[in-house]
Structures are given as structure tokens and as C-alpha cells.
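**Student:** These protein sequence lines map, in sequence, to chains A and B. Per our numbering, the first sequence runs over residues 1 to 362. Per our numbering, the second sequence runs over residues 1001 to 1310.
Think of the hints as simulated: they come from the structure by calculation, not from any bench. A portion of the hints provided could be inaccurate.
Said to hold, decoys possible - Partial pick of chain B residues on the chain A-facing surface, computed with a CB cut under 7 Å:
hint	residue
1	P1118
2	P1268
3	S1269
4	Q1270
5	S1273
Unchecked claim - DSS-like, lysine-lysine: derived pairs with alpha carbons at most 27 Å apart:
hint	chain 1	residue 1	chain 2	residue 2
6	A	K286	A	K348
7	A	K250	B	K1059
8	A	K250	B	K1124
9	A	K185	A	K153
Computed from a predicted structure; not experimentally measured. Ideal placement from N, C-alpha and C gives every residue a C-beta, glycine not left out.
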Amino acid sequence: MNRRTMGKTLLGLAGAAAIALSVGTAAAQDKLKVGFVYVGPISDHGYSYQHDQGRLAVEKQLGDKVTTTYVENVPEGADAERVIEQLAASGHKLIFTTSFGFMNPTLKVAQRYPDVKFEHATGYKRAANVATYSARFYEGRTVIGAIVGKMTKSNVIGYIGSFPIPEVVSGINAFTIALREQNPKAEVRVVWVNSWYDPGKEAEAAKALIDQGADVIVQHTDSPAPVQTAQERGLWSVGQSSDMTRFGPKSHLTAIVDDWNGYYVDRVKAVLDGTWKSVDTWGGFKDKMLFLAPYNPAIPADVVALADTIKADIMSGKRHSFQGPVKDQSGKVVIPEGKTATDEQILKMDWYVEGVQGKVPK
Amino acid sequence: MSAEFALVGPILAAMFAAATPLLFAALGEAVTEKSGVLNLGVEGMMLMGAVCGFAITVKTGSAPLGLLIAAGAGAAMGALFGVLTLLLLANQVATGLALTLFGVGLSALVGQGFVGIPLEGLPKLHIPVLSDLPVVGQAVFGQDLLVYLGIAAVPLVHLFLYRTRAGLVLRAVGENHHAAHALGYKVIRIRFLAVMFGGAMSGLGGAFLSMDYTPMWAENITAGRGWIALALVVFATWKPVRVMLGAWLFGGVTIAQLHVQGFGIDIPSQILSMLPYLATVLVLVLISRDVARIRLNAPACLGKLFHPDS
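Turn these sequences into a full structure, and let the hints steer you where they fit.
**Tutor:** Have a look at this one:
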């Protein structure tokens, strides 16, 4: 051992001693280990980023009782099972798997580790140690529908969809109902790009819709390209997944953003108290699982007030995004007067309401 | 009817822009393949060009420098491919696939600090009167500068390949490397340069996406366009003008299908998304259906390894 390595070793020992002192009596292994599995990079400033913000909130509030680990960029498939298994095997007692495609791998691993608790986002399969959670994104679409209804001049709204799945279709419908409540002449044109994240294609879709007369571009895809395009053309846009203001400060009206912070903190607390149960949580504005990015200062005060009222009414239960009578495109009443859509109706929605152009691709 | 007719101009304008990344990458790959090298790493080279061009432009504020570095990054990826396949005689198909995987990963790593940063796009051309002409004004006289550069590259590549001595030598190397070698031509050096040119063009194609088309960096921003460029080269039978027509057709159908959806015409969007591929393959196969001519155009030594002593 020469002097340099000896010096390093001594430093290392001193460091270890310092850590041991600072931890004090609460030894590291007493802390609850919580694992997070993300489908994308945490740098995506969108979906996975928001989940990681939730992890950081857990660290911040419960850092003395828990340690967290995350694995990003996990593909939905066989790899996911290996990653989840690794987390379970290395002593994590609560594991959040944050994408729909992790559903079956999560259940498989959960079977092998009955004493580990799992939480799967946006899925529908549960087990004694697997809970599910998601957000009522459509509530946000009701509020932006009202804002857009007031802001449009051409009465043509361009809507960029990712995939024609119920989550997106119910968003289009909630948006359109609120839009036409404010502005019965407005219509919604939908373009599907069959991708969650393809900036080039999303920009092309935005251009096509604008060329067809749309003066507001709404998106249910994750890249800021549509906002950029709308800004370039001097038109309005609504972002998705994160605050996209910086990509179009003059264009960006607001955006629908997921917020998992409160939920993650609550669930970790439940494990710490021993009150954790396998449940299905589907939260909206009220549960703080989604919020709207700051409104563009160019939105008139009365429109902001309207949006705030609608949001408050949704939170108090006075208003529902799908409040009867709701008619489909053929004019048939699907949700009768006095009724609201059931959760099942929303989760299986595969039809458009009046005011949307075209048909849902099947 | 007039509403639909008014859309012809915007559709044309969008078509030229959508075709540009494909055009750059496919032209570069055509030259590479004409020299007898099959480089399947186009996607990876585009991504490296996209991320490096974006990063340099953000850091220095100079778009020309960004483009230069993007071309350089693509060329460097090409050079890496050259070292592996031309000097170390690795299998070209496997190495090309590896280059794409490598490019996807490395670009994500390089780009980590650049996600979510906005950037101004490149300036658009605006000629008074001409750019405001109905229908063709915006399409022909109002594009981004890179769109014109891509189109200008087509005759240049064509003239180089078919009207210059260097182009003749390059094609000779691609047709029969042993004969070219026997005549005293430096087969490996020529191929190396061709691969680096292909890389530089791919890099520019990628940079068009990240610096101009959608000025932002996101992992995998090319979303498969490198593969489409590769297919275009083959279906266009390695001819630059046909490569351009194929790229325009692909871009045009891509834009047109979005308009069809916007109008609410009842065709499933999945079928519409497939249309650009279908139409491009169909048309290019039809115009190139003469088997003898395909054989004539296909470089005979494409993908074959060369060693001066064998």
C-alpha cells in the first residue's frame, strides 16, 4: 500500500464513520425502501418526469423514514419483469410501476413476493398486494374546452390524438362538450398520429389542422411540437403532460399536467403505518392528481373566472364532465338527462359526441 | 371545392419540408451504396447529427456552426463504421445495425442536458411578391433554407456520380472492387470518403429535424426516418432524381393523409398512416420495374467485404 492509496483508505474510513455518526441510531436498513420503474427518461419533462417529481416529494417529506430507488427507460416487456424482480429481491417493500405496459410483469413478480407491495399506474388488474391508480385526465379537458370555446374565432378546433384508446377518446368528448356549451358553433377536427411522441409528425398534424382553418390546437400527445407550430403561426394551443409555455409563450393557453406527489406520499405513509390496502384510485382535480399549467396572461379575466368556476364545480361534485343529456354524433342520447356517465362508460368510451368531425378509428 | 383547392398550396409547402430529412439522408446513403458499402446505420447517424447540431446551436447561438458540427458528427459516425467494416472487415449489415443502436443510445446521453430547451428555428426565405403568390408562393418561395439546400444537392450528387471522373471511379469501386483495385484505385480510401459523406448528409437530415422542423431535442427525434431513407434508396434504384421524387411522394402522402383525417373522411387512421409507405413503395417499384435496369443500377459489390490481398 503506497501513501496515496493509504490516504484514500483513511479518508474512506473517516467518511464511513461520519455517515455512521450522522445516521445515528436509525440504522439504514430500518428505512423503508421504495422503488419506482419509469417507461421513459426522467429528463422527458413529461410523463416520467412527473412521476419522478412524486418520488422526490416522498424523499423530501419522508426522507428520514424511507429511501427511494428509480429505474428509468424500462421497456414495456420482458425487461420490465427483470427490473421489477430485481427491486423486489433487493429489499424494496413498495414498488411503483408507472406505465400501462408494466401490468402483467408487475402481477407476475407480485405473486412471487407476497410481502412486497406493488402499485401499478393506469392498469386494471389488481391482487392482494397490487393496487392500481390513475388520474381523471378528462376533468382537465372539460376546463380547457370552456377556455378554448371562448378563445376561438374561426370555430374550428384542431385536436391531435395519439392512439384511439378510451382515455384519449373520453378526453376529446369531455373537451367538445365543454367547448360547445360555451360556443355551440364550434367543431372539433381530430387527427390521429398513432404515436405518443413523434415531434415531426405532431408538427405536421398541427400544420394540416391549421391549414384547414383551426385557430386553436389541442394535443393529447407528449411533445411540444404542436405548441411550437401554433406559436409560429400566431395561433393558440393547449399543452399536455407538462407546462410547455417556454415552447410557445404567446400561444400556450395552459396545459394538463399530472401530479402524483400527494398520492405517492400518502401511499408510502400507509405502508409505514401498516394501513396499506390494495385499492383502485382514480383521482381528479379534487385529489390533486392533475392540475392546469399557469394560464396565459392574454386570456381575458372573465374567461379565467369561468375556468376557475368550472374547476371548482368539478371539485365540489356540482358538475361532471359527462353530464346528461349527452348525444353521440348521430344525435342519439347516450347519457340521459339527470344522469352522469358511469366510470365504466368512461373507461370504455369508443364513440364521439356531437360536434366532433369524423369517426373513431376502430 | 374552393376550400379544398386553397389547401393545395399549404399541402405542397408542407410536403417539401416533410421530405427534406429523408432527402438528405437518402442522397448520402445513395452515394455510400454506389461505392459498394451498405450502411444500415442511417438512423443512428441522423440522431447524432440532430443532437450535436442542436447542442452546439444552443451553446453558441450560431446555427451555421451547429449545422457544420451536425454534418461533422454524422461523418464521424460514418468514419467509425468505415474503420469497423473497411479496415477491420466486420460484417456490414451487423455493424450498420449496431451503429443505429449505438447512435440511439449515445445521442440520448449527449442530449441529456438539452431536453426541454426551446430554440428558434432557422430563418425562412421570404421574397416580396413571389412568396405571397397564391398556391405556389409559400411552397416554392417561402421555405426554410435547408429545404432548398436539400433540393440543390440532388443535381449536384447526380452530376458528381454520372458526369465526373471521381464519380465514375466511385461507381467502378462499387461495381467491381477487385478490378478497380487492379487499376490502381484506392478502394478503401474511396469507400471511406463515401461513407463519411453519407454520414455527413444523414447528420444534416437529423439536424433539420432538431434545429428547424421541430426546433427541440428529444430522444429518438428521427422516429424511424432513417429506415425510410434506406428503403427509398433501394426503391429509387440508387438514382438521385428518383430518390427526390420518392421523398416528395412520401412527404406528400404523409401530409395529405393528415388532411383527410382533419376533414373527417371515414377511413381508419391506421390505414391512412400506412398510406405513405404503401404509395411510395408502389410508385417507385412501378417506375423501376424493369429488372434489367435495376440490375444495372444496383452496385454489384454492394455489401461485399474487400481486402486488397484476396
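**Student:** Against this structure, judge whether each hint is valid.
**Tutor:** Now for the hints, and whether the structure bears them out:
1. P1118: OK, holds: B/P1118 within 7 Å of chain A, min 5 Å.
2. P1268: 4 Å, holds
3. S1269: Cβ of B/S1269 sits 4 Å from chain A, so the hint holds.
4. Q1270: 6 Å, holds
5. S1273: 5 Å, holds
6. A/K286 <-> A/K348: 23 Å, holds
7. A/K250 <-> B/K1059: 24 Å, holds
8. A/K250 <-> B/K1124: Holds, at roughly 20 Å.
9. A/K185 <-> A/K153: Since the Cα atoms of A/K185 and A/K153 sit roughly 10 Å apart, the hinted pair holds (cutoff 27 Å).
Going down the numbered hints, you'll see the structure goes against none, and every one checks out.
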